[in-house]
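Mapping of the sequence shown onto the working numbering: position 130 corresponds to residue 132, and the numbering continues sequentially without gaps.
Since the hints were made in silico from the structure, they are not lab data.
Given the structure is predicted, the values throughout are model-derived calculations rather than measurements.
Where hints are given, some of them may not hold.
[Said to hold, decoys possible] Simulated restraints on C-beta separations:
#1 Asp224 to Arg141: 22 to 30 angstroms
#2 His81 to Gly157: 21 to 29 angstroms
#3 Gly112 to Arg141: 39 to 47 angstroms
#4 Met104 to Asp192: 28 to 36 angstroms
#5 Arg53 to Phe193: 40 to 48 angstroms
Just so you know, even glycine gets a beta-carbon here, dropped at the ideal spot from N, CA and C.
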Amino acid sequence: NTRRNKMKDGWETSQRAIHSIRAPISKTINTALHQQESASSSSVGGSSNNRTFLYKLNSSTKWLITLANTMGIWCRLRHFEGPFIVVGAIASVYFTDVLKQMLNHDRPEGAPFADPGMPSSHSLVSFFLAAAWGSLVLRGSPQILLPLVWAGASGVAWLRVICGYHSWDQIGVGAALGSSMGFGWAKLGDFLYQNNPRITLQASWVLYVAGSLFFIFKNMRDWLHEE
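Generate coordinates for the entire structure from the input sequences, incorporating the hints supplied.
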């Protein structure tokens, strides 16, 4: 009986010891799990908010680019470069549409548009504008402006991938083509202006006004209903 009582007392003592150790451990684990779940919920919410912001930023880029180009033109009324660049950019939009149909390259899975995605028109036009403005207008400007213009073009292209509208190769091809076309268009503008400044200035403004009106009625009205 004495041995049995000792064994019983020992068993009870060990159980109490185990319980005293297990209780705080369980509490710590439960607290950690609760904190992890709360962090996960916050992370999901933050991710959702970030994605909503990126979608809105992506949708606004075409308006921001249009505003920036318009301001650049009307701040330099006696110069041909701005109107000439925008005429080339408008032409590049429709060139890209033709190229997309020829290549017929699918957009990424889940993209909201069914039309072909190679090359990205946003990427092509953004890099066209960066190259043309950089070559014709920003050569003598403060050094910080040129990197900002290229960074802006890169940001526009990056958003197209992040938002799921294009793949990396589609914006890459758009950037390469747009840059090449922009540099070529700038050289053409320099050549024309050096040979006949007056005609080049007048023709650039006439084509700019006509092209802008055409683009507004054909394309910009649809921007309000897109994305």
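| query | Where does the structure disagree with the numbered hints, that is, which hint numbers, in rising order? | reply | 1
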